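Novice: Spelled out from the first residue to the last, the chains are:
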Amino acid sequence: MTSATRNRLFALGALAIAGAGLAFVAFGNIGKNLVFYWTPGEMLAQGSKAYGPTIRLGGIVQPGSLRWDANHTHLTFRVADSDKPSAASVLVDSRETPPQMFRERIGVVVEGTFDKSQTFTSSRLMVNHSNEYRPPKPGEQDRWKTTVSAPTAEAR
Amino acid sequence: MSSTVGTVLVLGGLLAAAFGAVVGIEGGLRHRAGALKVVLATVTAFLVCMVGANLTMVYALVTHDFSVHYVSQVGSRATPLVYTVVSLWSALEGSILFWGAILAVYVFAFARAHRNDPPTNPLLALGTMLAVGVFFSFLIAGPANPFGRVTPVPPDGPGPNPLLQNHVLMVVHPPMLYLGYVGMVVPFGIAVAALLRGQLGDAWMSVLRRWTLIPWTFLSVGIVLGSWWAYAVLGWGGYWAWDPVENASFLPWLTSTAFLHSAMVQERRHTLKLWTVSLSLGSFLLTILGTFMTRSGVFNSVHSFTQSEIGPTFLVFLGAVLVVSIVLIAVRGPLLVPEGALGGVASRESAILLNNLLFAALTFTVLLGTVFPLVREAFSGVRISVGAPYFNRMAVPLGVAILFLMGVGPSLPWGTASKDAVRRQFLVPAAVGVAVVLASVLAGLRGGLTLLTFGLAGFAATVTLREMVLPVRVRMREQGEALPLAVWRTATRARRRFGGYVVHLAVVLVFVAIAASQSYVVHTTATLTTGQSFRLGPYAVQLAGLRNGVDPHRRWTAAEVDVTDGQGRHHLLAPRMNFYERSTDPIGSPAIRSAAFEDFYLTLLAFDAATPSASFNAWIFPMVSWIWWSLPLFVLGALFAAWPERRRARAGAAEPLSVPTKARSPGAAA
Chain Y
0 MTSATRNRLF ALGALAIAGA GLAFVAFGNI GKNLVFYWTP GEMLAQGSKA
50 YGPTIRLGGI VQPGSLRWDA NHTHLTFRVA DSDKPSAASV LVDSRETPPQ
100 MFRERIGVVV EGTFDKSQTF TSSRLMVNHS NEYRPPKPGE QDRWKTTVSA
150 PTAEAR
Chain S
0 MSSTVGTVLV LGGLLAAAFG AVVGIEGGLR HRAGALKVVL ATVTAFLVCM
50 VGANLTMVYA LVTHDFSVHY VSQVGSRATP LVYTVVSLWS ALEGSILFWG
100 AILAVYVFAF ARAHRNDPPT NPLLALGTML AVGVFFSFLI AGPANPFGRV
150 TPVPPDGPGP NPLLQNHVLM VVHPPMLYLG YVGMVVPFGI AVAALLRGQL
200 GDAWMSVLRR WTLIPWTFLS VGIVLGSWWA YAVLGWGGYW AWDPVENASF
250 LPWLTSTAFL HSAMVQERRH TLKLWTVSLS LGSFLLTILG TFMTRSGVFN
300 SVHSFTQSEI GPTFLVFLGA VLVVSIVLIA VRGPLLVPEG ALGGVASRES
350 AILLNNLLFA ALTFTVLLGT VFPLVREAFS GVRISVGAPY FNRMAVPLGV
400 AILFLMGVGP SLPWGTASKD AVRRQFLVPA AVGVAVVLAS VLAGLRGGLT
450 LLTFGLAGFA ATVTLREMVL PVRVRMREQG EALPLAVWRT ATRARRRFGG
500 YVVHLAVVLV FVAIAASQSY VVHTTATLTT GQSFRLGPYA VQLAGLRNGV
550 DPHRRWTAAE VDVTDGQGRH HLLAPRMNFY ERSTDPIGSP AIRSAAFEDF
600 YLTLLAFDAA TPSASFNAWI FPMVSWIWWS LPLFVLGALF AAWPERRRAR
650 AGAAEPLSVP TKARSPGAAA
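The listed protein sequences correspond, in order, to chains Y and S. Under numbering that gives the first Met the number 0, the residues of the first sequence are numbered 0 to 155, in order. Under numbering that gives the first Met the number 0, the residues of the second sequence are numbered 0 to 669, in order.
Bear in mind the hints are in silico, worked out from the structure with no lab data behind them. The structure presented is a predicted model; accordingly, all values stated were derived computationally and were not measured. Mixed in with the good hints, there may be bad ones.
[Claimed, not checked] Cross-link-like lysine to any residue pairs, in silico, SDA-like; alpha carbons within 20 Å at most: (1) Y/K31 x S/V370; (2) Y/K31 x S/D242; (3) Y/K31 x Y/A10; (4) Y/K48 x Y/G27; (5) Y/K31 x S/A240; (6) Y/K31 x S/S379; (7) Y/K31 x S/T610; (8) Y/K31 x S/W241; (9) Y/K31 x S/V381; (10) Y/K31 x Y/S122; (11) Y/K48 x S/E376; (12) Y/K83 x Y/V108.
[To be verified] Which bits of chain Y does chain S cover? Going by a derived footprint, with three or more residues having C-beta under 8 Å, they are: (13) 58-71; (14) 79-92.
[To be verified] Over the 12 Å line for every Cβ pair with chain Y, so calculated as not near, a few chain S residues: (15) R29; (16) R392; (17) P396; (18) A430; (19) L441; (20) L504; (21) L508; (22) I591; (23) P631; (24) V634.
Built from N, CA and C at the ideal position, the CB exists for glycine as well.
Take these sequences, add in the hints, and give me the full structure.
Specialist: This is the structure in structure tokens:
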């Protein structure tokens, strides 16, 4: 074996080890940083597996479940699979100011973690507007107009 | 009318590209010199058809011809003219159409620049590029046809996505990215030609390098503008989220940056040929992967306009390009024999080799995190995403190592260096790096990684500036030139080196800005009634009141806010919420008070007109605007590096490496 070949083999070996190390670290890191997209029903079906990892919980705000605490800094509500009263739902605890569109029956995505006390602690609350942009369907136009009726009336 | 004209033009482009691809590749393989004329004619026909199709679409948009499918999707009589023209690329089909035009312009420019070269290489390269053109014009003619006819003709349309008509950056940022993305077709064609011929000489290598630099520059500008747009328009309080779409633009940037460095080794030491060519193929593959990810709707983001049917077509194309690339590398790669050897461990080429490995590692980790959710969902049906902490944890150490190498590489000579010389080279820059860290600590800054980044930035900047200043001083001393003349002569005589160092300075600036804005960001939320105020850092924020307004295409409510900064100066900020007639959701516009060393960033979360009160998200981002200020440096450096070296080429005999082809390459941004 010439020294050039030996050097080349040595370099390839070192590269292979470095590559394997990188892959090992990368996959390990990915496993620890996965964000799961679940509906309340799907999340509850996971049982104790849902305790801990970051979850994006998508559903609608259950009617009649919105509660503010005395100082108006602390909001709890239930996120449900659908607006049927029987739908699976999860209690969400948020300290964030909710966005303009937030209200009962609206689609939301909350990011946070779930724990044994069956409470979902939200670190981020997003109103789920369809990413797919489309004009409103007939009758849907009222959706935002109701929330801003006061200022728009002034503007006119 | 527009429908018919557009469809005919697209089909014409498809035919021209298909014919040119076959003639080009066949003629190149058989060394038919006469074929070049035919291919050049098809390139011109392709250009006329694709640009014509785009102009037809713009005409249809401007005249509000809602019988055209695409116009009925994105057009609206209420949209201002600028955004009507811009809506050419504001949705899926139009952006692919626009893509086709840019592709045609690139192929045409390449054909013009190399029409007098020995014909074999240009034939193979043009044939390959036209083959890519076949795919895109097929896409426009079939699965993503924007010229379909709509009956009955609707009276009005919805207008473009409100997010995309909220800011003037939307006019600039997508074309820049497209110019970067599509431009990678050219180096791909050049690299495939080299592999098909089984040889990569200095002349063709120089062509490959220059034609990579052009799209690389546009890609850099596009990425920075994109992060600026995210920051100034989206209002979530950041500029980079490791969103799949951002990653899609970052990946080919990484591989082409690695290419620009390994190309130097290839030119100096005549080795690493196959690796360099592979990076070119990889950059193109990653742009196609990126296009697939951004245009097929597999990811949810601002950029995925709709669920579309182009996904499978793209996957087939991606697979075909991947197979062709691998086969070419496997079968023809061994023909690209290295004619030189690498130098010692402490040498420029070793530093560049290490730089390439780090770039490859970074590409691998970002790619893995980006496609992992897709693969996992395809196999197990579980919907997941990979969180930003993964990317940060993986990319930050690699980035810091690259920053370190930016100081090491330029300090080392090619070949072998004596230990003493190396030590002398590093003494001053290392001392500057340590001084920067000490000064930062004394200024009250904390955080190990951040301080390390600042120190390494000081180190790398010192090395870069020294490498730029030394030749100037030599000129002044030995030629007796005045300072401005010496700077100009140095910069223009060694354009590539000078341009490269200017870009290095831009990158150092970006590193510092990212480290500072990520580490020392301050954030709070607050709800105020009129007259109330809150504090964030040195800023006092008082709500003055709510104001409403009407634009032709939207209504808005702004919270008028009086912000008092640390020096007691008052600034009136007005973060807004916009209500577009045709959109179901309000879209916010943040208000930013930008100063040299920090931005105060305020978004309106919610308001209640009855009270009146408003809720805010407020951030202080130190140094964030330095990221965008790096742009002029990027452009200046790239212009210097890519500018055609006419004078040198005329004196060709004295410069064995600069072959006549070099002289005919066009300038970068011309």
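Novice: Against the structure, test the hints numbered earlier, and report the numbers of the ones violated in rising order.
Specialist: Numbers 3, 7, 13, 14, 16 and 17 - these are the hints that the structure violates, sorted from lowest upward.
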